[in-house]
Amino acid sequence: MSVAATPPKSPAPGPTPSKSSAPNGTPAKRSWTVRTREAGVAALPPEKLLPDGQPTYVASWIYVFGVATLAALVVIVGSGMILALKGPAWWHFTGVGHFFNSIHLWAVELFFFTMVVHLWGKYWMAAWRGGRARVWMTGAVTFLIAVPAALTGYVSQQNFDAQWISTQAKDAMNSIGAGAFFNVTNFGQMYSWHILLFPIAVVGLVSAHVLLVRRHGVVPPMDVARTTKATP
Amino acid sequence: MLGAIFDLSNPAHIVHWHVFEMSVSNLIVICLMFVVFALASLLPLPGAGRRQAAREKAIQR
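Residue numbers (our numbering), protein chains in the order written: chain A, 1 to 232; chain B, 1 to 61.
Next up, chain B with everything else stripped away, as it sits in the complex (with noise of 0.2 Å):
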């Protein structure tokens, strides 16, 4: 059976701050869903530049 990339027989890693407490991989896996969030709004979507002038384009005929 193939291992796991991580050695998973030792206890987690814990941030723990004031009441604030969770796995480290648990908040790994928060801050990677904030940066996919924030690509998300800010990277355009391949093709939809040429989608909108397409539809203007259509709209001035």
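Just chain A, with the same shape it has in the complex (with noise of 0.2 Å):
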């Protein structure tokens, strides 16, 4: 039996046509970037990203908070971000540094007071109704990581008060076994958890936080959600 020997095919003339075309016109196979563009817009449409309007029940006090808690954390990574340019030790010897030292720390008193009273207003109000458990899930763990995030903020003060923080601190984190390699009195380690590695987190996670609540959209009172299940 004799094979005839077939000759390579020579490169068509002409642009090489994609891969991700068929010959119809029409994607065989998207890119990851088209894949992305298309779940992001599929998930969130832009008139649900940014809304023209919100529901009346949210013309509520108890619905101020969750901003009054955004508002915060920016004047906490807009100080927190001067406050690095200078150096840690900065407010202890300039006016400017002192005050914007107070500013971040006066930000962050009221980041918890607010988050505390947003926090107590969805948990009575059952804020992981209608598939909202990751929106209930985040914001849950950024409190979380909030508080290891100021902790870290309190030690890397530089001054007695940090002293003893983080003598104290040592004992709560041998106890847990994580004293290894989370050591409170390690000035380098702490400061390098609290201006970079902590503030990564709050932000994704509040970030992911907002972009799901625009995904689900805002949780409606008990009584706005029974009558909207009642009506046909």
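Misleading hints may appear alongside valid ones.
Claimed, not checked - Okay, the calculated beta carbon distance ranges per label pair: (1) A:S102 with B:R61: 23 to 33 Å; (2) A:T185 with B:N26: 15 to 25 Å; (3) A:G78 with B:L42: 42 to 52 Å; (4) A:G95 with B:W17: 33 to 43 Å; (5) A:G188 with B:R50: 24 to 34 Å; (6) B:M33 with A:G188: 48 to 58 Å; (7) B:I14 with A:I200: 35 to 45 Å; (8) A:G78 with B:A12: 28 to 38 Å.
What the hints assert, rightly or not - List time: in silico SDA-like cross-link candidates among lysine to any residue, alpha-carbon distance up to 20 Å: (9) B:K57 with A:K29; (10) B:K57 with A:G53; (11) A:K86 with A:G188; (12) B:K57 with A:Y57; (13) B:K57 with A:P55; (14) A:K86 with A:Y191; (15) A:K29 with A:A39; (16) B:K57 with A:V58; (17) A:K48 with A:D171; (18) B:K57 with A:A39; (19) B:K57 with A:Y191; (20) A:K29 with A:K48.
Stated by the list, open to error - Not close to chain B: a few residues of chain A, all C-beta gaps over 10 Å, as computed: (21) S31; (22) R35; (23) D52; (24) T56; (25) K86; (26) L211.
Read the hints as simulated data drawn from the structure, not as lab findings. Since the model is a prediction, treat every value here as computed from it, not as a measurement. C-beta atoms are modelled at their ideal positions from N, C-alpha and C, and glycine is treated no differently.
Hey, can you piece these two chains together into the complex? The hints should help.
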């Protein structure tokens, strides 16, 4: 049996056809950018991401504390960036440094104050209803991450207060077995966690939390949800 | 430098009741959070009634 040798195929002249387009022009294998874009727009259409208005039940003081927490976080990050630029000792010997350190501290106080009131409000209206479990979970984890974020700030003050807090906190860390890799008496490590790792975690979680709220909508009060369900 | 409102040179005041132990300053902040939460739950937001009425009026049309 003889086999005819087939000549190697020469590349077709002209531009190489894209792998992502079939002969009829429809995308056969979409690139990751297209898939990401389509998934993003499907999950969060522009009218959901930046809506024109909110339901009337949002016009209540209890709904104000989420955005108040966000505003405090913006001030924390802004003042923290200025403090990071000038270094951890700056606030000890200049009035301007002391001013920005105080802004940073009081923004943190406001952040936790408003976050706790926001948490209580959402807990009592069972904000995980209607497929909002991930909204609730990202908020709860943000709270848990924000606590050591603040702790690392207190131990980065470079004063007797920081020494006292770190020597007290080391026992707590050692008791849970975290002291070996989270040494609260190591200033460099705590400062790195405070100005880089924890802020990334908090801002990332808060961003996810806000996007999930935009996706699922603000949770309605119990009576509104019941009325809506009862209405055919 | 401006002094603190309270004298910070003395030890903090502590509330101690059975196993519960907390500084007075922390206790004040927690009580304040309860007060703010209660007020936020009970007080109407300014303009909320007007917005609600406008919305109902628009629906009736």
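Hints violated by the structure (listed by number, smallest first): Violated: hints 1, 3, 5, 6, 9, 17, 18, 19, 20, 24.
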